[in-house]
Amino acid sequence: MNEAKELAVGSHVAGVPYLLDDAAAQAYERGLQQPQRRRPRMNIHTDRAAATRAGFAAPIAAGEQTIAVAMQLVVDTFGERFLHGGGFEVALIKPVFFGDTIAAHARIARAEQGRLELDLWVENQRGAQVLTGTARVRAAQQ
Amino acid sequence: MAKQAAGKDQRVEMRAENLHQGMRLGPLFYVVESQQIGTFAGALHATNPLYQGDSPLAPPTMRLNDYALLIAQHFKGGKGGVHARHRCEFFEPVRAGQAVRVDGTVTGTERKRGKFYFTLEYETRDATDSRLLVRQAITSILINPEGGLV
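Sequence lines, in order, name chains D and E.
If you count the first sequence from 1, position 51 lands on 63 in the working numbering, and the numbers rise without skipping.
If you count the second sequence from 1, position 15 lands on 113 in the working numbering, and the numbers rise without skipping.
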């Protein structure tokens, strides 16, 4: 929503911390119900035994919800221009457990050829990065 | 789902042996609903005005999950996967009321340190004129039939 004034290279923005608990996961799931999807009933997101077999200490949140939190920061910062020629590339590097509070961060790394290149990351409440990557946004019209 | 149209489930088991580079998934058709935009944005506590009003835009990752629909249309069973990487290019916003078509292709399969990775690229287009809206790719680690990653 910060369309009026372009951020300078090196600027850092951070999103509001997001509690990813059972309620948040269920709300996110409701947001995906059309068209309806099928998932294994017992999976690493819902079942402790399934999560343990896959090597996790407890059920983990869906990676896409962490990505959604990160991209919300980009949309809130740059508005609709992210959706016209923008993009992102991210790696989910650590699991997010239910009850974790995550916060998205972005730093303007470069401005070139009519685009802003951003470094992106999401941290949990312990300061550990759970997602890292980059995004690009069309520069504001001068 | 086309693979179940005859009443018999013709989908193949979701396992590494059945995932091949070049495999095409889809198409998938649906209409983006205003109500879903509101529900999805609400789940993220997003109050951006882009998601409100008479003709709201879909949040950028609302249809990221279409990979799961493409997979479920072609495969059955399986234990799911662990989302490892994602990339996305936005060409135009997806809007409420828009009919879209989604097509996917398995563009990579790889066994690395005992884990099976696969990449599915998928495109969302306007179903009426084929305008490209979003192109994305998910790389996932397949959970094996025993429930492990290795």
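Check before you lean on any hint, since a few could be wrong.
Straight line, CA to CA, 30 Å or less: simulated BS3-like cross-link-like pairs of lysine-lysine [what the hints assert, rightly or not]:
no., chain 1, residue 1, chain 2, residue 2
1, E, LYS213, D, LYS106
2, E, LYS106, E, LYS210
3, E, LYS174, E, LYS210
4, E, LYS213, E, LYS174
5, D, LYS106, E, LYS106
6, D, LYS17, E, LYS106
Hints listed in this document are in silico derivations from the structure and should not be mistaken for laboratory results.
Now for the hints, and whether the structure bears them out:
{"no.": "1", "hint": "E:LYS213 with D:LYS106", "result": "holds, 16 Å"}
{"no.": "2", "hint": "E:LYS106 with E:LYS210", "result": "violated, 35 Å"}
{"no.": "3", "hint": "E:LYS174 with E:LYS210", "result": "holds, 24 Å"}
{"no.": "4", "hint": "E:LYS213 with E:LYS174", "result": "holds, 20 Å"}
{"no.": "5", "hint": "D:LYS106 with E:LYS106", "result": "violated, 40 Å"}
{"no.": "6", "hint": "D:LYS17 with E:LYS106", "result": "violated, 58 Å"}
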